[in-house]
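A.B. asks: Please construct the entire structure, taking both the sequences and the accompanying hints into account.
The sequence shown begins at 7 in the numbering used here and counts up by one.
Since no wrong hints were added, every one of them can be taken at face value.
Derived BS3-like pairs (lysine-lysine); straight-line CA-CA distance at most 25 Å: (1) LYS44 <-> LYS57; (2) LYS44 <-> LYS32; (3) LYS57 <-> LYS32.
With beta-carbon atoms standing in for the labels, derived distance ranges: (4) THR107 <-> ALA53: 17 to 23 Å; (5) GLY84 <-> THR108: 17 to 23 Å; (6) LYS32 <-> ASP61: 15 to 21 Å; (7) VAL99 <-> GLU64: 33 to 39 Å; (8) ASP86 <-> ASP30: 36 to 42 Å; (9) LEU28 <-> ARG68: 24 to 30 Å; (10) MET67 <-> PHE38: 16 to 22 Å; (11) SER109 <-> MET47: 19 to 25 Å; (12) LEU28 <-> ILE71: 29 to 35 Å.
Don't read these hints as lab results, they were simulated from the structure.
As the structure is a prediction and not an experimental result, all values here were calculated from the model.
Positions of the beta carbon are idealized from the N, C-alpha and C atoms, including for glycine.
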Amino acid sequence: MGPGAIAGSVVPTALAEEAADLSDWKVVRDQFDYTRDKINMAQLLIASPPKPVRDAMEKHMRGMIENPVSYLTENFQGGDDVVREAAAEYMDVASADIALTTSGLIRS
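C.D. replies: Dropping the structure here:
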């Protein structure tokens, strides 16, 4: 199982859509909603997500608001196992050796 396995199982459909041509800086820049009147140099602190990530976040948030139990059951059941297996393959270890933790980031 390679990185594509994770994309097919865990990454939201919005991210799997055709990607923008990122060979042009303006196209890359337009993926972010940063204000245009300042140069943002705060990437080491916190970064604004690009459009495909924001779209996926909004999709998940809508699902969680509308019906949290069904949404979690339908979209994230078994996701940890897929991530563990892909990480284990990448690191050439047993999936039982992979521990998943939270980021510690708490949103209110």
